[in-house]
Each structure stands twice: as structure tokens, then as C-alpha cells.
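**Student:** Below are the chains, spelled out letter by letter.
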Amino acid sequence: MEHIRTPKLENVRMFDKLTPRKSMVGTLYLSSTHTIFVENSEARKETWILHSLMSNVERLPTNPSGSPLIIRCKNFHVYRLLIPLEKDCVDVLASLARLSHPERYGELFCFSFNPNLDKELREKAWAFIDLKAEFIRMGIPRNLWHATAANHEHRLCDTYPSELYVPKSVSPAVIVGSAKFRSRGRLPVLSYYHRDSSASICRSSQPLSGFSARSSDDEQMLQAIMKSNPVSEFMYVVDTRPKLNAMANRAAGKGYENEDHYTHIKLQFIGIENIHVMRNSQQKLIDVGDLVAPTMSDFLWGLENSGWLKHIKAVLDAGVFIAKAVAEDGVSVLVHCSDGWDRTAQACSVASVLLDSYYRTIKGLMVLIEKDWVSFGHKFSHRYAHLDGDPKEVSPVMDQFLECVWQLMQQFPCAFEFNERFLIQLHTHIFSCQYGNFIGNCQKERRDLKLQERTHSLWPHLWENRAEYTNPLYRTDHSQTQGVLKPLTTAYCFKFWKGMYGCAEKSVTSQSPADCLNAVREESQQLEEELSTHQEVPRETDAGQENCRAEGENFRGEEGDQEVV
Amino acid sequence: MEFAELIKTPRADGVVLHRPFMPTVEGTLCLTGHHLILSSRQDNTEELWLLHTNIDSIEKRFVGSLGTIIVKCKDLRVIQLDIPGMEECLNIASSIEALSTLDSLSLMYPFFYRPLFEVIEDGWQLFIPEEAFKDLESMTDEWRLSEVNKDFSVCPSYPSLLTVPKDIDDESLCKAASFRHGGRFPMLSYYHKKNGMVMMRAAQPLTGTNGRRCKEDEKLINATLCAGKRGYIIDTRTIAIAQQAKARGGGFEQEANYPQWRRIHKAIERSNVLQESLIKLVEACNDQSHSMDRWLSKLEASNWQSHVKEILTTACLAAQCIDREGASVLVHGTEGTDSTLQVTSLAQIILDPACRTIRGFEALIEREWLQAGHPFQHRCAQSAYSNGKPRSEAPVFLLFLDCVWQILRQFPCSFQFNENFLIMLFEHTYASQFGTFLGNRVAERVKLQLSQKTVSLWSWVNRPQELERFLNPLYEPNNLVIWPSVAPQSLLLWEGIFLRWNRSTKCLDEAYQEMVHIIEYNKELQNKVNSLRRQLAQLETEDSPLQTP
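Quick note, the sequences are listed as chains D and Y, same order. Residue numbers for the first sequence follow the UniProt record's numbering, beginning at 1 and rising by one. Residue numbers for the second sequence follow the UniProt record's numbering, beginning at 1 and rising by one.
Keep in mind that the hints were calculated from the coordinates and are not lab data. Keep in mind it's a predicted model, so treat the numbers as computed, not measured. Warning: the hint list may mix true and false statements.
Using 25 Å as the maximum straight-line C-alpha spacing, the simulated PhoX-like pairs for lysine-lysine come out as follows [stated by the list, open to error]:
id, chain 1, residue 1, chain 2, residue 2
1, D, 495, Y, 280
2, D, 284, Y, 506
3, D, 495, Y, 150
4, Y, 298, D, 498
5, D, 22, D, 8
Chain Y is nowhere near these chain D residues, computed Cβ spacing over 12 Å in every case [as the list claims (entries may be wrong)]:
id, residue
6, 68
7, 97
8, 208
9, 230
10, 300
11, 391
12, 413
13, 460
14, 473
15, 475
16, 492
17, 521
18, 522
For every residue, glycine included, the Cβ atom is placed at its ideal position computed from N, Cα and C.
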């Protein structure tokens, strides 16, 4: 609380998002975690803005009516306030500037957030996603792959999970040797095993090859991965960087695999740009969304100029390439970029979504994020600026993965169990710091922070509310649900994600077909229940009939409500 | 003239047909007076029946003696025919060219088409002005039906019966007509029941450079204003273009002569610009090799989406004046047959829930497009693949349908029809077995005796077995005014038209089917539950005497 100078301000004006001419007067409260605006109206409507979601707070020059304050959030919501006195506005700005940029993990919301769960439930919640079970679900053949304890206590690679899956044929010495030859010790390990083709997706960081260095251990490791797929005679190494960037890395003693040294590999560059390009691109996209009354040309030109959809296409193309290699050609793939925690995570997880229908379910997407992102050391706290730090570390890597999934949902409307709302909710929580799941930059850091004891897990919370996140068109026995997705990646297939970036344009009156369908489905469920009670009722007894009638009336009442909605 | 003269080679064997998303078919190609037919002579194989009028342009290519004809259709589909034999190929190509560019209306297929279904409800009799006037009469008594144009002499592009203010006599109408381009004096387009405001449409006033005025015209439009009320004149042209029109005898209403009216200029583009825009858009959509940058820049350069936005914005403005400002509106551009109709018809979709039903939408097209004299024959003579010099072709109606689709997408539960209905209308405006969209104006249709000699599109569409395809399963009648968003990010490319032949819609079609299933299942359950409830209620009434004390 020491950062809050003015906890309560009256007569603050908040402008409507849709029609800036409209505004409401109310009281502004600053708590240690939220800024709350309570309207003076009868409804006393409350708007809660989480401090950890604020990306930028800006004060505009004072005008006769007061001092304007603009709060921009990491989920692209923008709030516009008008504070009567300049002095108060300066105070609020100073407080928010500090509160929205915590300096220590201990200040994060997740450490104070208390949903009233007892210890046992909290532990159970953290066990909701079980990665060990996930590798069993994939059906890894035990004679070819196994879990190695080489990274116990993170002694081999501090950004990897402690349990790693490697070919059974490699010796501990090869594992250690391979880790030594890879940037930050991130050696090639299994990410996904495709049971139908026996091909696998492995991931790593770039090799420390420079211009001529080689490691027989690393070469053996790749050989072993290739051989773990008995039917295939070669494997792909997918370097997700543009070739020029990969070559430049050689001067720094890093780089990519030399095809002369690694036999039976085919090297493929995909050309996903680095985090700095992506950060700038997204900023331009956000600016497009901020344009006031843009013409169609302004909008399309801005969209093109941002390059955003081009980058989304590159990520999806990487996933499509890998999925095709694995499913159609039955060829295993090793994916890496520089460190193997950004583009590699994107490419592996997009490919997994394409390959495995499980990852297209609500639970499955949670598992996938936990596996490819959380456990493999995607630097959440750096990339999503959980703490005040180097702005050059910030980048919308996860945003792009979620958007790839959204673009796929546009092409395959029946293939996903979840809806757009689920993706947006995930996106918000990656930034919100309300739950412990995405705090820190790797598993080791999370363990050291004792997150499981001190914070709560997001996943069971989302799971409990899954009705809200369900796609009404999804059916487990639908042909679109099964098998491998083969999306088109022609330029015209990519759309601007209005639900994510167009927050200001959500028309109040417009309808969503998915919501209508969900309402219909809910009604059908109630009807089914009513039908079964009708059928169960023994006709003779008066009591039974009365029960029934009461339910019938009840139902009619609800029907009426729905019409109003 | 006999069609046979134009058909140099009536049939060719061993022709291979390539179509989007369908396996190639080998078979016999036949040319008839109106169709290009490919038959594989095998059962269960889908055959190609293509109306010559649907062919926009063709290209020929030769590799050795194997000729290839690329047929580009007005519905934007592109098909390829491989024809063995150079001479056959050349003959067939020139025959197709001749048959697809026939100018004479009386040789068109609708005059030869005999329906294979029984016409139960004649579409030609469905939407007659007298009926529409009866509806109006039930709401207000301030209007009358005038027969001043019964021989189409006052305004050749208007229908014979016109709804005009009661206090204006026919003589004044004639004078007002002489003051408006093409005789298109202000007439009623829409009456807003909620507040009694009206929307009128006309052509530009012929003020010319020396500022001519016409008392009758002023009186005519003032008659639609309530005492003390102001109205809005929406000129669909920019002020600059409207100024330029003066030099050619046209112009716009001077404030001094129309003191009760406020004039607003918008910038809806005119025919040749729109045609060019369509050609560029389709070109961009058909090149799958585009990088993202190139695609977005081509999409932007086509300006199609800008036109959609401008038209919708103007329609919203008109609707806003009527519903929110409580003011009457007069809409016009130059001739009053293109952008004017886009605006007046879209405004009605926004304001009037009846226009969002199938019948209501058909009536709207009859009223605001066919009877209002939109020159379909001229505008739809060529589509996006025409390589000739554009004459008066323009996708004016397609843009209107695109705007309707945008509103439908934003309000998916408020329309009784679905996207397929709009696509079907697009197809029939360019090539059809029905007479509905033949000709440029009512007078022409009367002369051609279309209602006796051809079948109406509505006779076919309104049959229950056809209608089923066009019903929106999500439809819940919504009596409200629906305000679409016109922000660029809310307006999408109409993939159902422009990417229709470029990407498979299998998954989207499946999603649609799934939606239908969910809703049908719900209806089924409701019926079951309702019948059980009725049984219960019956049992209760039978029991009730026992329960009364």
C-alpha cells in the first residue's frame, strides 16, 4: 500500500469504449492490486482493472474540464479517465506507474490472491495437469524412448524440466556431451510422439557449431532420434530462423547443423522472425486498432505495414511443415531456433495441434501449454513483462501461438472443443499474474519460488467454467475432430483477429452465432431432462403429476427469460 | 436468326473438363443454343450444364494439336476444357464467343425455358404496387397512387403506378419530372411506421449552371415534411462531382430554394470505377501465390472494401436521419438508378424487420431495384473477367448484396434467409433461366411480355423444396432497428463470393450442417415436450373434479 498516494477520488469521469462522447461519473479507488471505478449511477456498475494487466499509463495535458488519463492494458483494453484536479491525476499516475511495474516476484498478485481453497484442494489443483501421464497418453514405445534422470535437480540444463524423454539407445555420456554442444545446454529431447507414424517431434537449442566445431555426442544423439523411428531413413532438422540469422550466429560460435557432419539429416529453414521484429510488428498492429475513424485504406494499409499476419502465416507454415513431415512422410523432426524457447515452442505446439485432436480439446490445450511452454522454459516473466525489466525481452510469442489456433478455428469450425473466449481468457491470464502457472521463466525458478505452495493454479479454475468456453459445434465423433488438420495457408486465409485486437469495436447489439447455439443447446439439455422426468413419472400417482407440472411451469418461466435475452 | 448458324461444331468427343474441387471428367461436349454441355455418358456422374450467358470471357491455348479453352464465368468460376483437334477447338471457341455475346433480349434463354416444376404461386403477380400501397394506406392517408406514368411517358424508367403525396396533382408531377434527370421526380421509397417519417428517392435536379428552379419540385418534396420539421437531402456524390454535374445540366438543390432541407454529400463511386474495382479484387483473389504483403496491398488497391464501407455508411446515415433524428430524407445521386437504390434499400434493411424476411427481401428487390429501374441488363452484361472495353457494366447490385451480407454477418439471427440466398441472387442477376432480371426497366419488361413469356425467379425460389436451402436456422424475428458497425475491422471480404472457387468450403459447410442439426434436434425435443405437457394438462383437467372440495 505504500505506493498508493490517493486511495479514493470522487467525480472521476470514465469514457465509454464504444462511443467516446458518452461518459459516466463515478469514484475511482486504488487498491494494491486493482484500480476500481464505481459509477455514481443507480446500478453502481464497477469496472475492475488489474494493475498487472496495465502496460502503459499516460497523462494527457490538462484541459479546462480536467486531467485526462489513459490506461492501456496488455490485453489491448484501453480505459480513458478524466480526473478533475491535475494534482490528483499526477498522484494516480505515479501510483499506477509503480503498481503496474512490480520489481520483485513477491509483489505479484498471485501471492495475495486467495480463492479460499484449503491446502488439500490447492495441491490437487496443481496436480490437475500431469505431464507424465501425457507422455504415456502419446503412446511412447518403451523399447525406443524413455525418461532419463540426467537433468535431475536441473544439473544438466537449468531451463529444462527435470524429467526428459530421449531415445533409449543413447548413453548418459552422449546426453551430457550433446547438452554441452547446445546453446544453454538445451539438448535435443522428445516433445511429441506421433503414434500413427512412429515419427516424433524433438526440440533443442542451436548447436555450438560455429564455422567448424562438431560433437560426436550430438551427432550420435540425432542419429539415435532418427533411428527411433524404425521406418524412416532420414530426419528433418527444422531451423525456424531465417537462414541469414542462422548464418550470422555462426560467427558467435553457434549456428546450425552441418549436413556433412550429421548424416541422414535434411536441414530446413522456415524464417520466423526474432522476438524484436515481432514486438515491433504487434505494436504497429495495436496502433492500427487505436486509429480514430480509419478509412478502409488506412486499416488495410496499416495491417499490411504491421507485417503481423505475415508473421502469423510464418508460424503456421512452420507447424504445417512439421505436421506434414511427421504424419504424411513419417519422418521425425528436430526443431530449434536460437535458444529453443520461443519460435521452437511455437512451431512444436502448432504442429501438435495439427497432428493430435487431443490438443484441440479444452484439457488438451492446457496440457500442451504446460508441456511445450511452461515446462520447457518459455520465459513467461520476461516475455510478458511480469516484472519491471528489460523491455527488449518482451515479445508476443504466446500471442502468436494463440492466434495460430484461432486462425485454424476459422478454417475448421467443428474441430476445436474450445471457443475464442477460451483463447482470450488464456491470453489475459498469461499477463494477469493472478495464478502461479506462468510466473517465472523456467521450471527451476518456479520451484525456487515455491509457487505451488504460495499460489494457485489456473487450470482447474478454467476447467470448472468450461461450459463458458465450449464450442457448440464440437462433437467428438465429428469427422473434422479426427485426424490431422491440413489447413490452407494462402495469404487470403488469414484474418484480422477482431475479438483480440478490436476490443473497441465490439458492437453491443451484434449477435454471436456461437452464443445463440449454446443457448439452444442448453435449452435442449433442459428439454431432455424434462422429457426423462415426464417419462419416469408413474401416471397413476397424483404426487408425481404435481411434481411434473411444477417443473413444466418452471421451464416455461425460463423460456420466457431467454426470449427477453 | 437460327442458333445453328452460330454453332460451327455442335459436338466434340474426348473433351476433358477441369473444374475447381471436382475430379476431371472426360466426355462429349455439346453446344446448344443456350448451353454448353459436357456429358461423360456415365450414370451418376455430374454433368456440366453451363448457360452461355454465364460466360464472361474465354481464352484459347494450344499445345500441339491439343487445344484448351479456359472458360471464365460471370459467377467468377473458371473452368478448363481440353479439346483434341485444333479445328474443333477453334470452332467451339468462336461458337461460344458468339453465343455468349448475343445482344437480342428475345433470344435469351428465359424465353425458351420451360419449367420442370408446377408453378403454384406466380412470382410475376407477387409484388404488385397496388398491394404495397394497401399496406401503406393502412398506416397513413397522406399518399396516393398516381397513374400519371401509365404509358411511361413522364418517366421511362419508373413503373406505371407511383406513390406520391396526396396533395400533389398529376400536372405538378409532370412539371417536377421535367426538372429531374430522366424524369425521375421524388417518389416514396419507404414509410417509417414508428414515427411517420419517409424516405424518398429521385434523380438529380436539372439546375444547370444558371440555377434553374422548379416550384412544383420544391412543393412536392416539402409536402412530405411535417409542419416545422426539417428534412435531409442525401446526395450520394461528393460536392465536387455534384458541382461538375451542373455544367452538363444537372446539379443539386440550392439551400435558398429548399430552406427546410439540409443537404449532405457522400462519396459513393459510380459505375466504371466499381467495375474496375471488381476486376482488381477478383484478380487478387485468384492469385494464390501472393505473399501476405502483396495480397493485403492488392486487396487495398482494389478499393472494393472501401466501396462497401461507403455505401453502408451512407445507408446508416439515411436510417439515422429517419429513426434517430425523426426527419424525412430524400436520396439521390445523378440518375437515381444505382447508388441511390443501394442506399434506400439498405436503409430499409436496417430499419424495417420485414425486409429481413425472405418475402420481404424479395419485395424489396422488386420495389427498390426492378420497379425502380435499376438497369440490370446493362450493369450485369459483363462481370469480373470481361476484357472488352467496359460500357455500362457495374457490380452495383453485387455491392448491395455484399453490404447485406455484412449486416447478416453482424446480426446472424435477425435474417430469415442465409448467405446462400444472396449468392443465388447474385448468380441470377448475371445469368438465369428466369425472366426476372431481364431488361433495364419496367417499360421494357412490359414490352417484352416477360410475365407471360418467361418464368419468374420467385415462382421457383418460393417453392418449399427450394426455400429450405435458403432458410437461416438461427432466425429469430427481431423487431428492432439493427445498426451495423461500419468500422473497417468489422467489414470482411465476402468469401462466399470471392473465394468461392479458390478454396474448399467442406469444413465450413459441415459447420453449417452441425448448426442445423443442433437447432432441429432442439425443435424435435420441444415438440415432444409440448405434446407431453398437453397430455399432462389433459390428465389434470380430467382429474380436477376429484380434487375440488
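**Student:** Looking at the structure, which of the earlier hints fail to hold?
**Tutor:** Hints 2, 3, 10, 12, 14, 15, 16, 17 and 18 contradicted; others consistent.
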